[in-house]
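**Q** In case you want the letters, here they are:
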Amino acid sequence: MKATISPEEDYYGILGLPATTTAEEVKRVYRDLARQHHPDVAGGDAEAFRKIQEAYEVLRDPVLRQAYDRQRLARGLGREAPLECAVTLNASRLVTLDCPQMLYVLLDLRSRPTSAPQRSPLNLALVIDCSTSMQGSRMGNVKLAVQNLLEELQERDRLALIGFNDRAEVLVDSTFALRDRSRLRSAIANLTTGGGTEILPGLRAGLEQVRRFADPAAISHVMLLTDGRTYGDEEACLLEAQRAQAENIGISTLGIGDDWNDLFLDALARHGGGMCQYISSPAQLQELLRAQIHGLSQVALSRLAINVNLPPWVQLQTAFRAAPFMEVLDIQPGRLFPLGGLGEDPLTLLLELSVHQPDPGERRVVRLDFEGLAAGQPVTIRRDVTVSFVQQELQPEPVSGRLLNILSRLSIFRLQERAWQVLEQGDVKQATHLLESAATRLFEIGYRELGQVTMLEAERVQQGAEPTLRGRKQVRYGTRSLTRQ
Amino acid sequence: MTERTDGIVCPSCAKLNLPGTLFCVQCGTYLPSGGPLRTEQFPDQHLQRARPRVMGDAQGEGRALGIEIEILTTHRKVLLSADSEILIGRLDAAHGVFPELDLTSDSGLEHGISRRHARMYAREDKWYIEDLDSTNGTYVNDERLTAYLPYAIHDGDTLTLGTLRLHVILRGETSQEADDLL
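Chains A and B supply the protein sequences, listed in that same order. Numbered by the working numbering, the letters in the first sequence go through residues 1 to 485 in order. Numbered by the working numbering, the letters in the second sequence go through residues 1 to 182 in order.
Take the hints with a grain of salt, since some may be wrong.
Stated by the list, open to error - Facing chain A, from chain B, some residues (calculated, C-beta under 7 Å):
| id | residue |
| --- | --- |
| 1 | Ala14 |
| 2 | Leu18 |
| 3 | Thr21 |
| 4 | Ala94 |
| 5 | Phe98 |
| 6 | Tyr151 |
| 7 | Ala152 |
The hints are simulated quantities; they were obtained by calculation from the structure and are not laboratory data. Please read these numbers as outputs of a predicted model, since none were measured by experiment. No residue lacks a Cβ here, since even glycine has one placed at the ideal position from N, Cα and C.
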């Protein structure tokens, strides 16, 4: 093995692509180059062709590519900005029209893998619902999952344990970190159930613990685990979450079973820059908790925020997060919007722009400014997205398959979200129609089971019944995960 | 699909969408010919290349070559013309995938055939096949093809798509039978 990779031998260099390129782009460029250099064509070059093929075989495969990226890094290539943003448009050229037209802007945000051997220390609080409804196997599963979670944590991490019902109790505080595992173990084993569910005191106690050791180098996060509904303190909880986000403390929520308030826990996680997850079967809990801890420990870039700047002839119609899970983002042009932390999972955003440009020429349709903190250092990058406006109608440009794929899934997600909204306003007919459309689209892309559940809910709604708590959660949390690999 | 300069009318819900919209904002229907700038087909159809010239040159030196494909499990024989490229796959109307050689009825799904599995075309008297990055791959005489690279095929070759085996029968000249069918 050679000690270094020269740019001529770098697979990315061979294809002439940045290291942040998408699989789609790799494929496209490979096809062009392969045709150009194929030994059977005039001007072809067997050696160049072989290299191109070799580069493609590695970069097309996510596993091989990741391994190659690590090698590159180890050999001094690829030391680039800690944040990368790749832009995919549905068209790089648009015909000038005297009316607005749609432009889709897909953004793939990735943090560069840092060569730091040590991950950031975690500063966590686990806030566990101990109300009567958790009694029995639910609590048993929680105990098991949390015990196993301890294995995932390192000595310098901190984990506070808070149990709550109508009031909150700090079972283990943050002081001793993971050095004192036995104290955590016995506290977990001794969790008991009783009383109702009031989230606010639990949330406050968790935040208080995390605040004690919230230094910028650590990842501070509160995880709330509940199976019930809280009454009357929702607004206060959301305010707490907002405050926490301003302090760079994340909040994520895990709903167990079918009785919790999905809209509220969604909002709480959204305000706290985290994720809300639905745990329909006990076995999922352990896996989701572990994945969450893993995700947090991989955060290389924290306090990521986006600012979307538009010229007056461009309007932002809708902004979404497309992956790791789908959500409508309330991005206001010209204002910084927080996106949370960025780990090894890329963050994909989609902007739907309505563009009204009657004059030809190369124009900037949007300027994107990102900022964040990597290893305590501020990071900013700027991306200008330009489109050429032409008067003539052109050869149709290929639309990225990945973009279409994401759009088709987003449209399903939107349909069902709108269905619940209009249902809330009492429009049964429209809600039925939207759910039926969502079910049809789900069948089309091969999600039979989810399609079936959606269809059943549509039928219930049509007959004037309330949607089932379970069905509605399955549809909401199932569709938002459609873009997950 | 109605196209208007001020938008695209969704064929299933009649909602007027902005030009350039790819999925109806009201009902999620894919609007493939969404506007003057849309591609006509679904995802991976960014495979534009010169159409085989064979038919156009027919008066000159070339001849139209028919290709006959026998699906070995069902013994179904399909005669295909060379005047446009042949998409092999499974029909999916919802996504605008209409293969010239549709293997749905030959248990295509069970055999692991992708909707857009491979394509064949004739160029200068020769037939080529190209795998379209299908899930389960395309083989010529048991050699797996690299996706998006054209491979020449010859009379008597066995093509394997997923686990479905096809037999290639090439006709040097346009037979009377082919003329009748094409």
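**Q** Look at each hint and say if it fits the structure.
**A** Each hint, compared with the structure:
1. Ala14: violated (13 Å)
2. Leu18: holds (4 Å)
3. Thr21: Interface hint status for Thr21(B): holds (5 Å vs cutoff 7 Å).
4. Ala94: Holds: closest Cβ of chain A sits about 4 Å from Ala94(B), inside 7 Å.
5. Phe98: violated (15 Å)
6. Tyr151: Not OK, violated: Tyr151(B) not within 7 Å of chain A, min 11 Å.
7. Ala152: Violated - the Cβ of Ala152(B) stays beyond 7 Å from chain A, reaching only about 9 Å at its closest.
In this structure, the earlier hints numbered 1, 5, 6 and 7 are contradicted, and the remaining ones agree with it.
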